[in-house]
Amino acid sequence: MLIADQISVQIGSKSLLKQVSLTLCPGEVLAVVGPNGAGKSSLLRTLSGELSPHSGSLSLNGRLLPGWDAGQLAKMRGVLPQSSALAFRFSVRDVVLMGRSPHRKTHSHNQNLVITEQALALTDTAHLAGRIYTTLSGGERQRVQLARVLAQIWEPCGELQRYLLLDEPTSALDLAHQHAVLAITRRFADSQNTGVLAILHDLNLAALYADRIAVLHDGSLIVTDTPQGVLNSSLIQQVFQYPVSIGSHPLYPACPLLIPHRQAPPGISAR
Amino acid sequence: MLLGLWLLLSLSCLLVLGNGVVNISPGQALAILADSLGWHTAWPFSHEQQTVLLAIRAPRLVLGLLVGGSLAVSGAAMQGLFRNPLADPALIGISSGAALAAVAVIVLQNTLFSGLAVLLGHYLLPVAAICGGFTVSWLVYRLADSGDRLDIGSLLLAGIAINALAGSATGLLVYISNDDQLRTLTFWSMGSLSGVGWDSVLLGAPFLALNLIVLPLLAYPLNALLLGEAEAGHLGFPVERLKTAIVALVALGVGTAVALTGIIGFIGLVVPHLLRLLVGPDHRWLLPGSALLGALLLLCSDYLARTLAAPAEVPIGIITGVLGSPFFLWLLFRQKIMGH
Chain C
356 MLIADQISVQ IGSKSLLKQV SLTLCPGEVL AVVGPNGAGK SSLLRTLSGE LSPHSGSLSL
416 NGRLLPGWDA GQLAKMRGVL PQSSALAFRF SVRDVVLMGR SPHRKTHSHN QNLVITEQAL
476 ALTDTAHLAG RIYTTLSGGE RQRVQLARVL AQIWEPCGEL QRYLLLDEPT SALDLAHQHA
536 VLAITRRFAD SQNTGVLAIL HDLNLAALYA DRIAVLHDGS LIVTDTPQGV LNSSLIQQVF
596 QYPVSIGSHP LYPACPLLIP HRQAPPGISA R
Chain Z
3 MLLGLWLLLS LSCLLVLGNG VVNISPGQAL AILADSLGWH TAWPFSHEQQ TVLLAIRAPR
63 LVLGLLVGGS LAVSGAAMQG LFRNPLADPA LIGISSGAAL AAVAVIVLQN TLFSGLAVLL
123 GHYLLPVAAI CGGFTVSWLV YRLADSGDRL DIGSLLLAGI AINALAGSAT GLLVYISNDD
183 QLRTLTFWSM GSLSGVGWDS VLLGAPFLAL NLIVLPLLAY PLNALLLGEA EAGHLGFPVE
243 RLKTAIVALV ALGVGTAVAL TGIIGFIGLV VPHLLRLLVG PDHRWLLPGS ALLGALLLLC
303 SDYLARTLAA PAEVPIGIIT GVLGSPFFLW LLFRQKIMGH
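Top line first, the protein sequences correspond to chains C and Z.
First residue of the first sequence: 356, per my numbering; consecutive thereafter.
First residue of the second sequence: 3, per my numbering; consecutive thereafter.
FYI, nobody ran anything at the bench for these hints, they're computed from the structure.
The C-beta atom is built at its ideal place from N, Cα and C for all residues, glycine as well.
There's no promise every hint is true.
[As the list claims (entries may be wrong)] Computed spacing ranges between beta-carbons, pair by pair: (1) Phe329(Z) - Ser492(C): 28 to 36 Å; (2) Arg336(Z) - Ser526(C): 50 to 58 Å; (3) Phe329(Z) - Thr490(C): 19 to 27 Å; (4) Lys373(C) - Ile215(Z): 31 to 39 Å.
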């Protein structure tokens, strides 16, 4: 399990996270939602070790985070950033192959290439393999980066559970690819018993694919519960400061569906 | 590709060893080398040819190869570290620091540094240059180091500022120098391999070789660094140690090169660039390829430098500049046209 216990993060005098406690179990998909500036990315950057909490503790598979060595950590935790700065003309295949670099000593180059091709196929990017990464569209890049991160934690790491941390994996994607990416991560979580934490903006997407949803507001964790427990109009209204109604999905009655109200045009009062 | 570069380089070595005021055919060159290893061949050569090759051209060739390779590998590593193909080894202040110290020694040799001059003899200039280079690089490094992490953006800005400062101080010293000193330091600041003996090779080889051997071993982490620092960290690479190691190795290689041969521009910038066009950005090929192509380019430049106006020598920086600047401009305009 990946456990955050009462973590707080501060930069200067600004408090980014306030005593956040969170558990990510193997095999579950946990969506993190919240308004802009709520601390979602700070949470992910803390869980991935980029930011160090000034109080509280993080543990992974039963050991406190500073106790793991970086190479070992890379084999059981993949992190997908919001956007990548890569500006050099690597081929897509080479970018995904970089995900295999933690395994370059334990696997042959050919084994790593095979896994690279499998990850490309899984993310529907196999047809891009020979293209130059910098010539891809934003959505294509995002899927290639996902393939890279999946390739990184592709196979079981001994007895140790694996985790995937995704920072807005669907932000640049069209409707079909948003669902494709979440379906891929859902299947990866189920079949590989991997814990997935994904920051999402679309609450309906979260409700459709996540086991649990964590709601962050102003650096604090308001609630972590099933989609049915989280998607109620008063909670959403309070956190996002926007009026919504909650219905249920016409195909999956158990799945709540969030329906935003129309905002009145400025200067005209709503009926 | 790498094999082709190897072959080209070996061939050029033989040709360069042979050509000059005293002509030696490639066969004779091989025979002389074999002879000095105790392996006698039937190929005839004169005593004069043997002396010229072993005492003058061979050390010059060896140092040229090491310096050219080192400058180019350092350039490739800096461009990876800064994630910017226009970065240059000079960015971390090593060249400007070395230049300042060298100019100070040349101009103030008879006044301020007379005691040191007696003590170190003709090693004073290289020793001063390497000390100056390291001091300035260290300063730039410290300015960019915020305690727990090295900020690459600050490293760039600190480098620019400190380079400018060292440049002004150098300018001041140049301003107060006399005509003789001015001529010496002009030659030094444009680089030259003339008068290189085995003593310089032995002095510089360990540092240059360290740079040439260790930087190419960092190919995987440098590739990951191109994805971003955080991403490289998530892939399990020790990013902070890596950045420090790259800066230190570049300072070591370029510092030694500058101390022994003066400032030779453009190799560090142009060679990695050219190779990226040929073999792509993957450091596994880029770093060894840069070493070979850098060595080749400096070899050819040095050959032109000593034959174009023989028996006089043209400073090598002029040759690399003439070959390098148009290429650099072409790159800039190409980037401008492509919009980034």
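Each hint tested on the structure:
1. At about 32 Å, the beta-carbon gap between Phe329(Z) and Ser492(C) stays in the expected band of 28 to 36 Å.
2. Checked against the given bound of 50 to 58 Å, the beta carbons of Arg336(Z) and Ser526(C), roughly 32 Å apart, lie outside it.
3. Here the CB-CB span from Phe329(Z) to Thr490(C) is close to 24 Å, well matched to the stated 19 to 27 Å.
4. Taken as a hint, the range 31 to 39 Å is violated for the pair Lys373(C) and Ile215(Z), whose Cβ atoms sit roughly 50 Å apart.
Hint compliance for this structure: hints 2, 4 are broken, all remaining hints hold.
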